[in-house]
Amino acid sequence: MSDPEIVAAYEAKWGLDQPLPVQYINYMKNLFQGDLGTSIRTKQPVLSDLAQYIPATFEMATFATLISIILGLLFGLLSAARHNKLPDHVLRVISLMGISIPAFWLSILCLYFFYLRLGIVPGSGRVSAEWLGASFPTGFLIFDAITYGEPDLLRDALSHLILPSFVLAASTMGILTRTVRSSMLEAMQQDYVRTARAKGLSEGRVLRHHVLKNGLIPSVTMFGLSYGSLLGGTVLVETIFSYPGIGLYAYKAASTLDFPAIMGTTLFIAAVNVLMNFFVDIIYALIDPRIRY
Amino acid sequence: MGEVLLEVKDLRTQFSTEHGIAPAVDGISFQLEKGKTLGIVGESGSGKSVTSLSIMRLLQEPAGRIAGGQILFKGEDLVKLSEKEMQNIRGAHISMIFQEPMTALNPVYTVGEQIAKVFMVRQKMKKKQARQKAIEMLALVGIPSPETRVDNYPHQLSGGMRQRVVIAIALACNPELLIADEPTTALDVTIQAQILELMKNLQKKLKTSMIMITHDLGIIYEMADEVLVMYCGQIVESGSMQEVFHHMLHPYTEGLMHSIPRLSDEAEELSTIEGIVPSLYELPKGCRFHPRCPYARKLCQTEEPELLEVSPGHCSRCHRYSDMWKEG
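First to last, the sequence lines map onto chains A and B.
Just so you know, the first sequence maps onto residues 2 to 294 in this note's numbering.
Just so you know, the second sequence maps onto residues 607 to 934 in this note's numbering.
Keep in mind that the hints are not guaranteed to be accurate.
A few chain A residues facing chain B, derived, Cβ under 7 Å [stated by the list, open to error]:
no.	residue
1	Tyr193
2	Lys200
3	Ser203
Honestly, the hints are just simulated from the structure, not real lab data.
Remember, it's a predicted structure, so these values are computed and weren't measured experimentally.
Glycine included, C-beta positions come from ideal geometry on N, C-alpha and C.
Take the sequences, apply the hints, and build the full model.
Written out as structure tokens, the structure reads:
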């Protein structure tokens, strides 16, 4: 391909001349000292690159999570309460579409309508041009805008956030709707619900006290599982919306074979996923008295 | 004759399923006097549980519905009441104990909360006071150290304990009528005896009327004043416990009685009633019991027998006591 000397020097610089197990051990050694290596593309330590992009992705993921939980719960409960009636059918179609429409296509569709045609949201990025030079103390725009009292920045950041968050939330929202619906319907069939009715409780009380708590247990698991796919989804969504977060960073790393960056992002997403499921297990113990650790 | 608490007149309850309409309860009538116990006995699918769910108006609508008849509780027709009015009856005036203590309690609330709820909703008690009443109820149903048990979750209690909790919930508001649907079927024999003893004592103490639903004639013998024998959604024999046990009239009652294994029996095999309960979708013509009846004649295959009063207060749905039998 090219000058073998340059190749050898490059390989020596990145440690690629070592056998694979040695490379792995070196990576692990560095990892435990908080060193994720240096990005080939940006020439910066991967850790500082990640630290720079995490706030943006965290904001979007949190927003998407809120949207999917609120809509998923609402749709799921409504669907179960109006089982096999019109609202149920409509919501089932919506949740199916949420799950099955690919994120990249939904992104493009949303951009076309809401940005190009209607012009009600900005097309890409995290902030408008006028804020680009500004420095933000924590990097969490919404947080900074609120603490420093910048309503214009808040409005600007939110308007950039809404569309990609919605696209990101679509599939999780669909999965949650279906899980909530089916677990509520199952809970309604239980003997203890009949006992509650036999006590003379009103239908609303039966649903609120006896069905809801039991019905939410499977949904909590489902949420923990789908959070990982939500983070994975940021790669596509951030790329399409040119949103400077972990996802866009991962995409650029992958397309330039920036392997330290690829490994770093993968590791980060995996760690967040483990953490999320850890929290889910804790929540489990809080809502289900049969589970004690 | 005492004061009538509950009178069921020609009750018909149907289930519509994909196979058609199943007449689960097909025109039954009976009366229950205050303070008395009525035993309803029959095989699975005879309509005894559906009868109790109809009285409670707890059928799974719209699949199951009351198609006709009256359920007069203290003279008021429960069939005509709205769901809202029915909620004031349930728990306060008519309570129910279910078969499966393992699943009848909500796993995510303590037993104390589940009992206290009744007081808070029904008698508008404050939380603390309701909790105190819940402890009293646990003591009443014979649960040891109720002060600590009140904070237990159902999974921390044994089957017998749970059934005691279910009874405590049912009796919390001192209802006039208690419906017990196979309350001891899921329990082992020694616990069964304890629970029956408890129910008997509580009934005496609280002067509750009771409908006891079971497939176990032994329980009827222990508990009931009056007996209804049900088969395929109909009453086939009814009368006082003494009459039915000592002068049984219907071949199905005879069959049930002979199916009880006795210690003195020399036979190796248990005796059973031949055949199976017919499907509600394809009921036999004539008498519904004739395919399994040892006395069946031609008449039984074509004519449906009426419920006849053979001796005072003792009825049987069998052609053997009709005039047609003597003729043919």
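Let me make sure I understand: some of the numbered hints might not hold for this structure. Which ones are they, in numerical order?
Every hint satisfied by this model.
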